[in-house]
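S.K.: Now for the letters of each chain:
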Amino acid sequence: MDQFLQQMVNGISLGSIYALIALGYTMVYGIIKLINFAHCDVYMIGAYIGFAATTYANLGFFPALIISMASCAVLGIVIEKVAYKPLRNSSRIAVLITAIGVSLLLEYVMMFFVGAEVRSYPKVLSDAAFNFGSVRINMQQIYIVAIAIALMILLQFIVHKTKTGKAMRAVSIDQDAAQLMGIKVDKTISFTFAIGSAFAGAAGVLVGIYYNSIDPLMGFMPGLKAFVAAVFGGIGSIPGAMIGGLTIGVMETMVSGYGNSMYRDAAVFAFLIIILIVKPAGLLGKNTREKV
Amino acid sequence: MSLLTVDKLTKSFGGLTAVSNVSLHIDKGELVGLIGPNGAGKTTLFNLLTGVYVPSSGSIRLEKDGRQKELGGLKPYHVTKEGLARTFQNIRLFKDLSVLDNVRIAMHQNVRYRLGSAFLHLNKYHNEEDELIAEAERLLDIFHLSHKKNELAKNLPYGEQRHLEIARALATKPSVLLLDEPAAGMNPNETAALTDIIGWIRKEFDLTILLIEHDMSLVMKICERIYVLDYGMLIASGKPEEIRSNKKVIEAYLGEDVNNA
Amino acid sequence: MRALTKKNLLILLSILLTFGVVEALITVGIINSFYEITIATICINIILAVSLNLVTGFTGQFSLGHAGFMSIGAYVCAIINMHMNSTVGFLVGTLAGAFMAMMVGILVGIPTLRLRGDYLAIATLGMAEIIRVLFLNMEITNGAAGLNGIPRYTNWIWLFTFTAGTIILINNFIKSSHGRACISIREDEIAAESMGINTTKYKVMAFAIGGFFAGIAGALYSSYFYFVKPDLFGFLKSIDILVIVVLGGMGSITGSVIAAVALALISTFLQSFTAVRMIVYAALLVVIMIFRPQGLMGTKEITDLFKFKSGKKEEKIQ
Chain B
31 MDQFLQQMVN
41 GISLGSIYAL
51 IALGYTMVYG
61 IIKLINFAHC
71 DVYMIGAYIG
81 FAATTYANLG
91 FFPALIISMA
101 SCAVLGIVIE
111 KVAYKPLRNS
121 SRIAVLITAI
131 GVSLLLEYVM
141 MFFVGAEVRS
151 YPKVLSDAAF
161 NFGSVRINMQ
171 QIYIVAIAIA
181 LMILLQFIVH
191 KTKTGKAMRA
201 VSIDQDAAQL
211 MGIKVDKTIS
221 FTFAIGSAFA
231 GAAGVLVGIY
241 YNSIDPLMGF
251 MPGLKAFVAA
261 VFGGIGSIPG
271 AMIGGLTIGV
281 METMVSGYGN
291 SMYRDAAVFA
301 FLIIILIVKP
311 AGLLGKNTRE
321 KV
Chain G
34 MSLLTVDKLT
44 KSFGGLTAVS
54 NVSLHIDKGE
64 LVGLIGPNGA
74 GKTTLFNLLT
84 GVYVPSSGSI
94 RLEKDGRQKE
104 LGGLKPYHVT
114 KEGLARTFQN
124 IRLFKDLSVL
134 DNVRIAMHQN
144 VRYRLGSAFL
154 HLNKYHNEED
164 ELIAEAERLL
174 DIFHLSHKKN
184 ELAKNLPYGE
194 QRHLEIARAL
204 ATKPSVLLLD
214 EPAAGMNPNE
224 TAALTDIIGW
234 IRKEFDLTIL
244 LIEHDMSLVM
254 KICERIYVLD
264 YGMLIASGKP
274 EEIRSNKKVI
284 EAYLGEDVNN
294 A
Chain D
96 MRALTKKNLL
106 ILLSILLTFG
116 VVEALITVGI
126 INSFYEITIA
136 TICINIILAV
146 SLNLVTGFTG
156 QFSLGHAGFM
166 SIGAYVCAII
176 NMHMNSTVGF
186 LVGTLAGAFM
196 AMMVGILVGI
206 PTLRLRGDYL
216 AIATLGMAEI
226 IRVLFLNMEI
236 TNGAAGLNGI
246 PRYTNWIWLF
256 TFTAGTIILI
266 NNFIKSSHGR
276 ACISIREDEI
286 AAESMGINTT
296 KYKVMAFAIG
306 GFFAGIAGAL
316 YSSYFYFVKP
326 DLFGFLKSID
336 ILVIVVLGGM
346 GSITGSVIAA
356 VALALISTFL
366 QSFTAVRMIV
376 YAALLVVIMI
386 FRPQGLMGTK
396 EITDLFKFKS
406 GKKEEKIQ
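In order, the protein sequence lines correspond to chains B, G and D. Residue numbers for the first sequence follow the numbering used here, beginning at 31 and rising by one. Residue numbers for the second sequence follow the numbering used here, beginning at 34 and rising by one. Residue numbers for the third sequence follow the numbering used here, beginning at 96 and rising by one.
Just to be clear, a hint being listed does not mean it is correct.
Quick list of in silico lysine to any residue cross-link-like pairs, SDA-like style, CA-CA up to 20 angstroms [said to hold, decoys possible]:
#  : chain 1 : residue 1 : chain 2 : residue 2
1  : D       : 395       : G       : 160
2  : D       : 395       : G       : 60
3  : G       : 272       : G       : 131
4  : G       : 157       : D       : 270
5  : D       : 101       : G       : 133
6  : G       : 187       : D       : 285
7  : D       : 270       : G       : 133
8  : G       : 206       : D       : 389
9  : D       : 101       : G       : 159
10 : G       : 187       : D       : 389
11 : B       : 309       : D       : 293
Beyond 10 angstroms from chain B on every Cβ pair, some chain D residues (computed) [said to hold, decoys possible]:
#  : residue
12 : 103
13 : 229
14 : 235
15 : 363
16 : 370
17 : 377
18 : 378
19 : 380
20 : 385
Simulated from the structure, these hints should not be mistaken for lab results. Quantities reported herein were computed from a predicted structural model and do not represent experimental measurements. Glycine is no exception: its CB is placed at the ideal position from the N, C-alpha and C atoms.
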């Protein structure tokens, strides 16, 4: 039982990070129907920016987090403008291939400049731990979950209570109609990329602190898992992404804790394939039908 | 005797009933029209008949070799194999393939050679491919398209694309042909020419035809019987002259107030 | 005899010519062992690209897991060949690997039938990752360390035979009615289904054939390079193959062949700079998609160029 609770705690903190990344996938997919493969590399770059801010500029945790989020937001907008916007009317396969290209480009340009070696994060958050019975919770986990929750509340507020949020919802339903209603579609898409990327940046910093190591290819696996989380929750749905992230996080720690940690990645993918077969629209997604 | 029998067919999407309790029959060799205002459920009915949608309830039966075959719930390719072929309201040709390939693909279900011949291009392959080309050209000739057989379908003018859709449907060797607004977007001359062609292929291929059309001149001229759908329900059926004077039909088309005005 | 048409003679001649020239260059010593590796890479990549092209370019089913099929061929052939150290063992291993990969292709094909486009891409990626994790954990595959000391039976003659064979067989398939059925799925799945094409069957068939030939490529790989490990067949390998198909043109076998040769030459020159090579690949993908999404050849084949000319002449005569 204790082990179960401990795995649960670990799973929730890991899942919060997945949820933060999954939000970026789900928002971008909702608005331009693209699996933004480059998203996981924005997360990686966010981790490196946080690393630079804490190591070289000796900044504290919160300034580093904010710098990383802001830089990633800008990066997200640039990626969209340079690579995806020229392809807005191309086939979906073409855009998907571009996204893969951008992803690889970010990874290897980064590798070219910072080298392939793993770097360790400075200790910017205390790792003091509290024991509840035999369940151990450390400060970092509390920070991760608290920041994830705060950001998600912020996002819900933006999407449901602000004008920009309304524009985002309109564009995701029907881009052309939104345009005719005077909504600035380009601006809205840029804004979506900015928010999604900022969240990925935050996740990058949190992961750097939690696992204490970063490298240029660190984004690939968490990126895929976050995508699985988005699919499970129902792609396009923001609460779905949160539920999905937590589910995948807990599932992964359970497989490592009770089964064989070598199989945890395979378990996530097997889970994905099962969802796609059983309920392709996901937990909270909508079914779409092609008109004949 | 009835070739295609539709019995109490219903299709609902969530709360919306697009086709409600429709029963109709088409006899062998008949040319039947299906009309109704926009959104009456005509295309949905076609999609049910051809297996694109699965009926919520009711049955669709096709008489084949003296036996009644249930089509409801079969996959589209299976329905086509049983002898029902269709065209699409919004043209759905294989745009980036040649005119000839469009027709040859529709002939695939009758191709006899197997994978071995396909991989090795054995004599069987060559003989049958030659037959396919000859037959496809015969079909294209009817629609005066054979000189354009190597052009891409998307480069054909609009009217010829509609013709190619019919040719492609014929290539599946159907017993019943379903035409979804074949004259949409055509000018009166083109419509007249199409009317002739439909009459001609019907005799030539011994076809039974069901057609959706908004162009009343075409419907009234060639259809022997007409069914009228409104809000998913069958509101009238009969000979063209009966339909022309049917009060319910006039109401459906012009709105309720027509009698009071 | 149909086999002796002018076109077939031309093809046969060019095949023999390619073989003869390379063989001569090897004998004379202009192609040394360093370039021989490049040639082996080219042949293996051609097989991979042409088979992926059947799935993605012709049938329109976007797959990001081709390296998974390749790895099955590589491991099966390696294991059989290590127990049966002879040319017969090599051939048995190659065929067994290809069949295993084909079976997995069918297994992958079945669940993916309901998926389209980007979802399918992720599902195939996931499937390849599962295969990789399995190889990583199995005893017979020796885990992460991989298999070492696989006997080498792959030589230039086998490479050439299998490459030419793959190109001819897949090209024949595409030019047949069954191949056209696959292409119709890419063009418009609903229309294809309404024209009597069992789209499910042909999607699975495309995956099965694609898997079979990818398995052969894997077998040739393990037998040429003595050594396999799971990390060789990860996501990046699948992307490598995809780049070839996209650059050459989705739906053009000629394009795949040209792109495989061109990219292998680029890689050879950039061999000592892995990061730069990947940057070039990635930039290529983005630039092609933005400026020439149809790739070098579009859906054209080299034979179409001749056909087009003769077609024009006929028109003039009429």
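S.K.: Hint by hint, note whether the structure agrees.
M.R.: Verification of the supplied hints:
The straight-line distance between the Cα atoms of residue 395(D) and residue 160(G) is roughly 25 angstroms, outside the 20 angstroms bound, and the hint therefore fails. With a C-alpha separation of about 47 angstroms, the suggested pairing of residue 395(D) with residue 60(G) is violated against the 20 angstroms cut-off. Proximity of residue 272(G) to residue 131(G) is assessed by CA-CA distance (about 40 angstroms); at most 20 angstroms being required, the pair is judged violated. A C-alpha spacing of about 14 angstroms is found between residue 157(G) and residue 270(D), which places the hinted pair at or below 20 angstroms, so the restraint holds.
For the proposed pair residue 101(D) and residue 133(G), the alpha carbon gap of about 23 angstroms is over 20 angstroms, so the pair is violated. A C-alpha spacing of about 17 angstroms is found between residue 187(G) and residue 285(D), which places the hinted pair at or below 20 angstroms, so the restraint holds. Of the supplied pair hints, the one linking residue 270(D) and residue 133(G) holds, its CA atoms being roughly 13 angstroms apart against a limit of 20 angstroms. Our distance criterion of 20 angstroms between C-alpha atoms is broken by residue 206(G) and residue 389(D), whose separation comes to about 35 angstroms.
As the CA atoms of residue 101(D) and residue 159(G) are separated by approximately 15 angstroms, the hinted pair is consistent with the 20 angstroms bound. Restraint check for residue 187(G) and residue 389(D): the C-alpha separation of about 17 angstroms stays at or below 20 angstroms, so the hint holds. In summary, the hint linking residue 309(B) to residue 293(D) is not supported, as the alpha carbons are separated by about 23 angstroms, beyond the 20 angstroms threshold. Every beta carbon of chain B lies more than 10 angstroms from that of residue 103(D), the smallest distance being close to 34 angstroms; the non-interface claim holds.
The Cβ of residue 229(D) sits about 7 angstroms from the closest Cβ of chain B, inside the 10 angstroms cut-off, so the non-interface label is violated. Under the 10 angstroms C-beta cut-off, the non-interface status given to residue 235(D) relative to chain B holds; the minimum distance is some 16 angstroms. No beta-carbon of chain B comes within 10 angstroms of the beta-carbon of residue 363(D); the shortest separation is about 18 angstroms. With a least beta-carbon separation of about 5 angstroms from chain B, residue 370(D) fails to lie farther than 10 angstroms from that chain, contradicting its non-interface assignment.
Not every CB of chain B lies more than 10 angstroms from the CB of residue 377(D), the least distance being 4 angstroms, so the non-interface label is violated. With a closest Cβ-Cβ approach of about 6 angstroms to chain B, residue 378(D) is found to fall inside the 10 angstroms limit, against its non-interface label. Its closest Cβ contact with chain B, about 3 angstroms, brings residue 380(D) to no more than 10 angstroms, contrary to its assignment away from the interface. A beta-carbon of chain B comes within 10 angstroms of the beta-carbon of residue 385(D); the shortest separation is about 5 angstroms.
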